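Colleague: Sequence:
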Amino acid sequence: MSHSGKNPFECNECGKTFYDRLTLTEHRRVHTGGTPFGCCECGKVFFDRSSLNQHQKIHSGDKPYKCTECGKPFLQKRQLIQHQRVHTGEKPYECGVCGKVFSCKSSIIQHQQRYTKRASEYHRGASADMGPP
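The sequence shown begins at 1 in full-length UniProt numbering and counts up one residue at a time.
Derived by calculation from the structure, the hints in this document are not laboratory data.
None of these values were measured; they are calculated from a predicted model.
Check each hint, because a few of them may be wrong.
Pairs of lysine to aspartate or glutamate residues, derived as DMTMM-like cross-links and limited to a Cα-Cα distance of at most 20 Å, are as follows [claimed, not checked]:
no., residue 1, residue 2
1, Lys44, Glu26
2, Lys16, Glu26
3, Lys105, Glu121
Work the whole structure out from these sequences, hints included.
Modeller: Okay, here's the thing in structure tokens:
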């Protein structure tokens with residue numbers, strides 16, 4: 001970042017700014033469809049080197065994050081944090097409609113999608129039963 005507090009490198013496609021030239025170069029691949037970072041093990045491609053590095057841990061078996069309660073290892077810190085809720089009982093995600101609580105974000109999203117689908121089906125059925133005005 002420059003001394004003015006602004007990111008000096010700007011993408012000429014979308015105007016997004018970056019703190020260094022390398023990050024801008026990697027970002028430009030979003031516009032060109034380029035995916036230059038390929039995994040040698042499985043061929044999966046990534047837009048940036050950090051995503052490739054994270055992915056390669058799958059192949060190496062490197063799981064640096066270990067649960068202090070049970071010793072279970074995890075590839076990513078967020079996976080460890082989610083797992084630790086098994087031990088603490090923490091359920092930080094609450095449905096604003098029914099009040100049901102969940103320990104992980106994906107579970108509440110899935111719950112809300114089911115609820116929304118059911119509500120939508122109910123309203124379609126109710127309006128069909130009502131007939132024309």
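Colleague: Each hint needs a verdict: does it hold in this structure or not?
Modeller: Now the hints, each set against the structure:
For the given pair, Lys44 sits about 17 Å from Glu26 by alpha-carbon distance, which is consistent with the 20 Å threshold. Between Lys16 and Glu26 the CA atoms are separated by roughly 12 Å; this keeps the pair inside 20 Å, and the hint holds. Of the pairs offered as hints, the one joining Lys105 and Glu121 is violated, with about 24 Å between alpha carbons and a cut-off of 20 Å exceeded.
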